[in-house]
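Chain by chain, the residues run as shown.
Number of protein chains: 2
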Amino acid sequence: MSKKLRIIPLGGLGEIGKNMTVLEYGRNMIVVDCGVMFPESDMYGIDLVLPQFDYVVQNQDRLHGLVLTHGHMDHIGGLPYLLRQVKTSIYGTELTIGMVRRKLEEDKVLQQAQLRVVGDDGAFQLGPFKISFFPVAHSIPGSVGLVIDTPAGAVVHTGDYKLDETPAGGRTTDLERVRRLTPNGVLALLADSTNADRPGRTPTEKVVAAELDRLFAEATQGRIIIATFASLLARLQEIMLLAQKHGRKVALTGRSLEENVALARDMGYLKIPQGLLVEIGARVPDKQLLILATGVQGEPRSALNRMAQGEHRQLQVKRGDTIIISGGVIPGNEEEVGRMLNKLFERGANVIYGKLATVHVSGHGSRDEMRAVLEAVRPKYFIPVHGETRHLHLHARLAENAGVAAENVYILNNGAAWATDGQKAWLDKPVPAADVFVDGRLIGEIGVRVMQDRRQLSQDGFIVALIPVNANNKLAGEPEIISRGFVHPHNSADLMQAARQEIKRQFKRGKKGVAKESVAEGRLAEGHFAEVLQNFFYRETHSRPVVLPSIIQV
Amino acid sequence: MSKKLRIIPLGGLGEIGKNMTVLEYGRNMIVVDCGVMFPESDMYGIDLVLPQFDYVVQNQDRLHGLVLTHGHMDHIGGLPYLLRQVKTSIYGTELTIGMVRRKLEEDKVLQQAQLRVVGDDGAFQLGPFKISFFPVAHSIPGSVGLVIDTPAGAVVHTGDYKLDETPAGGRTTDLERVRRLTPNGVLALLADSTNADRPGRTPTEKVVAAELDRLFAEATQGRIIIATFASLLARLQEIMLLAQKHGRKVALTGRSLEENVALARDMGYLKIPQGLLVEIGARVPDKQLLILATGVQGEPRSALNRMAQGEHRQLQVKRGDTIIISGGVIPGNEEEVGRMLNKLFERGANVIYGKLATVHVSGHGSRDEMRAVLEAVRPKYFIPVHGETRHLHLHARLAENAGVAAENVYILNNGAAWATDGQKAWLDKPVPAADVFVDGRLIGEIGVRVMQDRRQLSQDGFIVALIPVNANNKLAGEPEIISRGFVHPHNSADLMQAARQEIKRQFKRGKKGVAKESVAEGRLAEGHFAEVLQNFFYRETHSRPVVLPSIIQV
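Chains as they are written, first to last, in this note's numbering: chain A, 1 to 554; chain B, 555 to 1108.
By construction, these hints were calculated from the structure, which means they are not laboratory data.
A couple of the hints might just be wrong.
Said to hold, decoys possible - Simulated coverage check for chain B against chain A, where a stretch passes if three residues somewhere in it have a Cβ under 8 Å from a Cβ of chain A: (1) 595 to 603; (2) 1015 to 1024; (3) 1028 to 1038; (4) 1086 to 1100.
What the hints assert, rightly or not - In silico BS3-like cross-links for lysine-lysine, where the CA-CA straight-line distance does not exceed 27 Å: (5) A:Lys424 to A:Lys130; (6) A:Lys474 to B:Lys1028; (7) A:Lys130 to A:Lys108; (8) B:Lys934 to B:Lys558; (9) B:Lys897 to B:Lys909; (10) A:Lys380 to A:Lys343; (11) A:Lys355 to B:Lys909; (12) A:Lys343 to B:Lys983; (13) B:Lys684 to B:Lys558; (14) A:Lys130 to A:Lys206; (15) A:Lys206 to B:Lys909; (16) B:Lys657 to B:Lys825; (17) B:Lys760 to A:Lys355; (18) B:Lys897 to A:Lys429; (19) B:Lys934 to B:Lys983; (20) B:Lys1062 to B:Lys557; (21) A:Lys474 to A:Lys508; (22) B:Lys1028 to B:Lys684.
Ideal placement from N, C-alpha and C gives every residue a C-beta, glycine not left out.
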């Protein structure tokens, strides 16, 4: 059998986040992107989620390099973790590599990587793979899609894109280049599905600039505070130019914002007029000051949320301030953002958010743009990527409507090994690709069981019952009950007294209850008490705390 | 001093939910609405939130009656709890009272209330208060606003409303009646603020019917499954007529839906064509069947979510099914709804939700409608109600723009006692109006402290360390560590062993450590170990589990 091309997504399918895809031809491997995902609300106590990249670690002798589409965390955030176990070359555009370098330095793994800057329409060879970049419009500069020539045929990976004709920064998505790069057609298209449930086209970034211009003109008295994503560098550029136009100085607050602005300025991605930037504490009249802050998602430690809480060291929100939230809320963050907005209003600010004005547009294309890409690329096979299951399905149907044969559309799960010889396609045995949870310093040690325990603890707390017994298995003292998160001790003296009585009653029952179980069967007796106490507390309160009896030999 | 009118919101301000407002004139009291709130995601383990109605309970000798604006749970859901402590008369329109009767019967408190049905434009006297209903368009039939004549002047309470000119069911908001009822002007307006952050007008319900008609025409092969709110009776009526038009029978699944349809049908609010309804298991060809289901919010036990999970007893979702989500997602539920949608797509259904089609519109008016009400009523004082803090502030500013004097606009908190003599207004001492948490059978026993514990437990779990000591305060055996939700025991043998060593080390240190603390100071020693172990675990894992050491005398 001839060699085959395999495409194995390790993350980013069935989820928005931790994008990572393996491509193999014969024994040659490359990887596209290596992102993290921010935890969903039922991932209790988790800081970050990584793709499971064991397959890459175990086969690193076959790895020719890692290719990055752009510098967002869901595409590069996993690198410091991967590089602890893998040494490799990393390819990306100048800004992307700049952001990666800073991140790897911070995490002290820079020596593990050889960083290679590639131009926006550069090309390079990794084993049998010829990779050509093409520029795409997205919410961070230096974003590219990939045309990957393989012996089996050409693969196109869109990266994150929109077909904005008037984007901030002027970088449009170059589908014409894709056509030129694929004179023999496209074997497989992997395309961004994020907005597959949004009809029409995503509005152009230009409407944001126009709306901000209008709002700046209206806010003639007080300060303007704009919260936006630190990586929306092209929008930051627009805002700075508008600030200058309206006679305002600009101050920055929030570490990621300060760092990104410094980096982008150094690399020439951000042109800041002389004298525009001032220190956050600088004495500037309110009506001549614009503050750029982090905190669009209401993150607890972000600059804007600290202002909302009254905990920002240099800034107090006050009557007359106009606060503009220039960013979309990620599903799951609505309540936190809502609480932050409430507090900002309470402090007297006028807050412009949500539907009140078009001060944010998505960086991802909507359905009409997806259709345009499908019609431009005309792939034989189509694999929707970068989306939750519903987005992948909607994108798949769109592809069928746009002319891809239904049997050539593959909705994959993470770990699926899609294989092709250029003529036909099939699925090989999948590779492991679970969620890897990061909790503090613990990486991959928190599993589903612990998550279930945390869930139960969050609902009804726990009860630990200490039951002292003597050598004859008789109760040898008063049982003690330790509890947290169930009912406040203040309100529960009677209830806990009754629980102790319930334990004693078990001993009085004698043979039928506990005493027949020998010391060697201590665990069994604990199981018995767990059941008795669970029933007792459910009967009394209709709650189900975690119950852990401990029999103590005294 | 002459008698004064007081308006005291006990719930619904700074939140969407548990609406309840006290009106007093001299010693005379009435209450408008008595709702519940569904918990926010940081209210761990809470089933429901009630308004704190102690003030009403303590002053029930002065209570003339309770007036209801409509039958939604955030306006009537608190009644069974209030009626355990208060006996009173309850006034509402026919459907509202019908829903209340059923609820009070279920909760066995019907004998506490005298239920009084009032017509859509009926009026009645409660002490010095003359209450006149006026019909409003909202997402449940029988909704009214109130004109309350008091000796100090007229108060208008909008209830929940929109100014839909072509609503399902044909019931428009009768502002003309409000004008006629208030020939001497309006002293104070209390108005719904829910959509104060939505510009323009809320689309009419008519667009939903038109869109459903179109979707029904397209779905010619498989079943149609529509998830909607059980209380959206006018929309249910439209759907049933459309089903008949398109030659489909209708089956219902979900208890609240079945109950509401039966009740509304009995009361004449729902006209169901002969033979249209079939049992859920009935043999009807797929293309002639429409299923109405509960589950718009992705609630775990709802009919649609059970279908998504494959746990519905009579229904399996399959390829060819068209599923329409005809309801808005309440902020905080996005992730649960998203997961449900993903599973429905996985089962092969075509799901229409969100922006894919206009299959839901809000039941609350948007900014232009709020402005229209303000301009029609022209109140001297304005109190925005029914909204989170941001909505109240935005509504307040809108009122100022619409001509209410800024000093006459009051943004109140729950419990605030707004007082007026008809000439001027001021704030009296507030009354208690906290959140009252319902958790299983526990009502009001779960406080902020328990909630904090649950939060911490949800993040990092807990550690209980059992430390056996003898009469001389020497370690008298191996310390034992019990833990849940921290790290799985499987992965943590070394860590727990090190923790036990840490405990032993404390004893070895002798005088400086634990031994100096006498048995009588056991609690102090436990505090010492808590600190030692907290530091130990943070150092090792960067996590902060709840740590509870227990010193055991053996």
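Okay, the hints, checked on the actual structure:
Remark: the stretch 595 to 603 of chain B is confirmed as covered by chain A, as 4 of its residues place a Cβ nearer than 8 Å to a Cβ of that chain, reaching the required three. Closer than 8 Å: that is the beta-carbon criterion, and the stretch 1015 to 1024 of chain B has 5 residues meeting it against chain A, so the requirement of 3 holds. Evaluation of the coverage hint for the stretch 1028 to 1038 of chain B: fulfilled, as 3 residues show C-beta separations to chain A shorter than 8 Å, against a requirement of three. Counting residues of the stretch 1086 to 1100 of chain B whose CB lies closer than 8 Å to any CB of chain A gives 5, so the stated coverage by that chain holds, three being the minimum.
Straight-line distance between C-alpha atoms of Lys424 of chain A and Lys130 of chain A comes to about 22 Å, which keeps the hinted pair within the 27 Å bound. A hinted pair counts as satisfied when its Cα atoms are at most 27 Å apart, and Lys474 of chain A with Lys1028 of chain B qualifies at roughly 25 Å. Straight-line distance between C-alpha atoms of Lys130 of chain A and Lys108 of chain A comes to about 31 Å, which puts the hinted pair past the 27 Å bound. Our distance criterion of 27 Å between C-alpha atoms is met by Lys934 of chain B and Lys558 of chain B, whose separation comes to about 16 Å.
The suggested pairing of Lys897 of chain B with Lys909 of chain B holds, with an alpha-carbon distance near 19 Å, which does not exceed 27 Å. Between Lys380 of chain A and Lys343 of chain A, the direct Cα distance comes to roughly 53 Å. Violation of the 27 Å bound is thereby established for this hinted pair. Among the hinted pairs, Lys355 of chain A with Lys909 of chain B is consistent with the structure: their alpha-carbon atoms are about 14 Å apart, no more than 27 Å. With a CA separation close to 23 Å, the supplied pair Lys343 of chain A and Lys983 of chain B stays within the 27 Å bound.
Of the pairs offered as hints, the one joining Lys684 of chain B and Lys558 of chain B holds, with about 16 Å between alpha carbons and a cut-off of 27 Å not exceeded. Of the supplied pair hints, the one linking Lys130 of chain A and Lys206 of chain A is violated, its CA atoms being roughly 35 Å apart against a limit of 27 Å. With a C-alpha separation of about 22 Å, the suggested pair Lys206 of chain A and Lys909 of chain B falls inside the 27 Å cut-off, and the hint holds. A distance of roughly 23 Å separates the Cα atoms of Lys657 of chain B and Lys825 of chain B; the hinted pair therefore holds under the 27 Å criterion.
In summary, the hint linking Lys760 of chain B to Lys355 of chain A is supported, as the alpha carbons are separated by about 22 Å, within the 27 Å threshold. A C-alpha spacing of about 23 Å is found between Lys897 of chain B and Lys429 of chain A, which places the hinted pair at or below 27 Å, so the restraint holds. Of the pairs offered as hints, the one joining Lys934 of chain B and Lys983 of chain B holds, with about 22 Å between alpha carbons and a cut-off of 27 Å not exceeded. Proposed proximity of Lys1062 of chain B and Lys557 of chain B is contradicted: the alpha carbons are some 75 Å apart, above 27 Å.
A threshold of 27 Å between alpha carbons decides the hint, and for Lys474 of chain A with Lys508 of chain A the separation of about 9 Å falls inside it, so the pair holds. At roughly 77 Å between alpha-carbon atoms, Lys1028 of chain B and Lys684 of chain B are farther apart than 27 Å, so this suggested pair is violated.
Hints 7, 10, 14, 20 and 22, counting from the list given before, are not met by this structure.
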